[in-house]
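Whole structure, please, built from the sequences with the hints as guidance.
Number of protein chains: 2
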Amino acid sequence: MSKEITSRALDYSQWYNDLVIKSELADYSAVRGCMVIKPYGYALWENMRDQLDKMFKETGHVNAYFPLLVPKSLFEAEEKNAEGFAKECAVVTHYRLKADPNRKGKLMVDPEAKLEEELVIRPTSEAIIWNTYKTWVQSYRDLPILINQWANVVRWEMRTRLFLRTAEFLWQEGHTAHATKDEAVEETIRMVNVYATFVENYMAVPVIIGVKSESERFAGAEDTYCIEALMQDGKALQAGTSHFLGQNFAKAFEVQYLNKENKQEYVWATSWGVSTRLIGALIMAHSDDEGLILPPRIAPLQVVIVPIYKGEESKEAIDKKANELVKALKAKGIRVKYDDSDHSRPGYKFAAYELKGVPVRLALGLRDLDQNVVEMARRDTKEKTTVSLDGLDTRIEILLEEIQQNLYQRALQFRNENIRKADTWDEFLDILDNKAGFISAHWDGTADTEEKIKDETKATIRCIPLDSAEEAGICILTGKPSSRRVLFARAY
Amino acid sequence: MSKEITSRALDYSQWYNDLVIKSELADYSAVRGCMVIKPYGYALWENMRDQLDKMFKETGHVNAYFPLLVPKSLFEAEEKNAEGFAKECAVVTHYRLKADPNRKGKLMVDPEAKLEEELVIRPTSEAIIWNTYKTWVQSYRDLPILINQWANVVRWEMRTRLFLRTAEFLWQEGHTAHATKDEAVEETIRMVNVYATFVENYMAVPVIIGVKSESERFAGAEDTYCIEALMQDGKALQAGTSHFLGQNFAKAFEVQYLNKENKQEYVWATSWGVSTRLIGALIMAHSDDEGLILPPRIAPLQVVIVPIYKGEESKEAIDKKANELVKALKAKGIRVKYDDSDHSRPGYKFAAYELKGVPVRLALGLRDLDQNVVEMARRDTKEKTTVSLDGLDTRIEILLEEIQQNLYQRALQFRNENIRKADTWDEFLDILDNKAGFISAHWDGTADTEEKIKDETKATIRCIPLDSAEEAGICILTGKPSSRRVLFARAY
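In order, the protein sequence lines correspond to chains A and B.
The numbering used here runs 530 ahead of the 1-based position in the first sequence.
The numbering used here runs 530 ahead of the 1-based position in the second sequence.
Derived from the structure by calculation, the hints contain no laboratory data.
Don't take every hint at face value.
It does not matter which identical chain is meant; a pair holds if it fits inside one copy or across any two.
Claimed, not checked - No farther apart than 30 Å at their CA atoms in a straight line, the calculated lysine-lysine pairs in the BS3-like style are these:
(1) Lys851 to Lys984
(2) Lys587 to Lys862
(3) Lys840 to Lys850
(4) Lys584 to Lys867
(5) Lys982 to Lys765
(6) Lys765 to Lys1010
Note that the structure is a prediction, hence the values are computed from the model and not measured.
Set out below in structure tokens:
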């Protein structure tokens, strides 16, 4: 078929691009570095967003919406944050176009409509939000503020990849304000755990929860917690981050509150976010050379029914049974489609739904009907079985859950097999070049050593796992003492 | 209390602003013309959005997401559309900031990071979307495309009002592509009817469905259908529009398809949208001098329970009953809150929830408990009744529906009483200045007359109602013949 995709063995990167485009998740656009999220990709994002939103609300958060445009003077107030994002800022300088006198029917920027102060398109919203919190917080009674925002942000990236790195992307950003440091740290950790739960239980992607080294921290944060996942090519992918911001933004924007003892204190902050980048992680964790493999809990379509028939008469009988099935599955809340379109043959449809990663496919023919059976194929293992039509809805419900668990276990096994200890520099290089995956190794704790390792190998410290034990050792590069192992990997 | 709001009689416009701010729907921001949608306002928008989204999906639409930024060359391709929005465009000209050598710790736009082609922040997305559809449409099999997008847009307005007119706002924009003109016209009308159903059945605001005069059409449309609502001050508000775009965008972006006869044809288009402006309409249609009045179907909170107690002992008994009630109401899908916070007195809470427009308030005291009753107050009529605690959940369910209907009927009666016929210019002026509301009058059908009327009176043609009958008459301004009445009003 025309939708052929490059194999992973041949070119992993091309396989990824082919998959995104051909499964119709997204498309390139006319705007440099920006993509179009197509209906199938957006339906997937909606399922992910809705589940995350539910989890945020269950942990006491509410949604709000803050402006897209940030005046430069606000943007630069928290200097570290501003410095970290300055190089990626799209800047609005004018507010009007006018007819171009030299090009009939064309427009030009009206030089008379120059803004007095330039506006930055938010690359992240700490500045505009903390400038607003300033007016909302007077007393300890106004705290905590537990707000999340679903929004688009723009970061002018030079090298972009569909979903993984785009100039504009969709995300959510939580921004909370607290009376005490303890409360803010607790919130930071709560949210990185919410992310881990979501990514593992819904996306079926196992993650390691950890803390970033100082150089990998979010600009303006005191601590960045993260979840790190492993892709099939052995590269790591940061899937979500939760930042403890200390009082940095409160000080930059003068956000103080009157505590119970009637004293002014600066507010403590957190921020946390995940983005459409998660879709990239999802694709690279599960899919194969035939196409996407989507976990049932977030798949836009969970079951597809394809009729096998010759002539209208046999189709009628199949239609009747298929529609009954659709009704029974929908009653169980299962997302199902009966594809009886007549402009392609069953084989073509099979391949198309494999490409789209639909977890379960049923093929229903007249002979099957006579025997009260149906052919059931699962996308994850490609197993096909002939099963009775009786009680099929319940059977499918169980199968979907089985697929969900199987995908997670498969990814977990792969991930666990690809965490290796390295105790010398040679071992480190050997693993990096010949096996990839995560490398658990000792590091002397300095930014200098971290940078040297990065420069020489492109491997970065992905995180210091929260569950890592103390262990005396020596740094793989410098031989200096180290008290615990950290996780290195090359990463997306 | 400190949250006092200006009365409508004193200053309608100030009443509106007070209400939005003090009920915590939204707040001003540091960005010119942009607002912050606060959690309460955003929860209201979420309820509206979710219902609309459901209705769009039920009519066969899917969601997708297109880039925020539109290259100027694409933006100007459909000339009428471009001309219509050119004066309101925020323009991105640079993609980087850098350290300002003259101001320590501050940033400046990097002159070396000037874009080769300027990018317009979408004021509406026809251009970027039709440029994309070009690559998606080859044959009649690719049609129709029925896509909706939930997004933010920016229109640089000079005079802004919270919700009603802001430089950035949230909206949805449907963009559909069809093989035939008939199909596109049918879609245009289908969607204006979806909007009418939503605004009437969920927002409880009656609307008139009609067609815009040529001068009031969307830039680039062949026909604009609209729903017009009437506010309490007698001014009209356009609550939603649905455009038949003919082949204008298909021709501007060369979107053709091979029809069943193997001939190339241009595609037919529609677009349709509603925005956070609807919240402005909602406020001005129902609310009073004490605060918001929200229709139960979209109210973030439908029922609030306030305990009346002295001393902890009596509170315990009340807590127990209140929690039972909360559970019973939640089981019915009712959004309820038990407000037992101890930092304000019951009277203060009553006023606060009135201000927020919560449809039903229950006040539960120890004496009530003894008698197995509760005081129930409805926000719309301010009636208070003492009702039995037995079967209260069902009673409240019915009451919420009654309030929903009452709000609609009240607004409908007001609207109907404020549609008046004018047959002479003097009558027209008299109604406008002394009664306001809609004026049903004859017009000679020319843009010239329409403009004169607008210049002299600030009244515009809101629409030509779809259900208006043919009727011979003479234009109120020119005395020229007219075949049907149109609706005039001063409008938001």
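Please flag the earlier hints that this structure goes against, numbers listed from lowest up. 1
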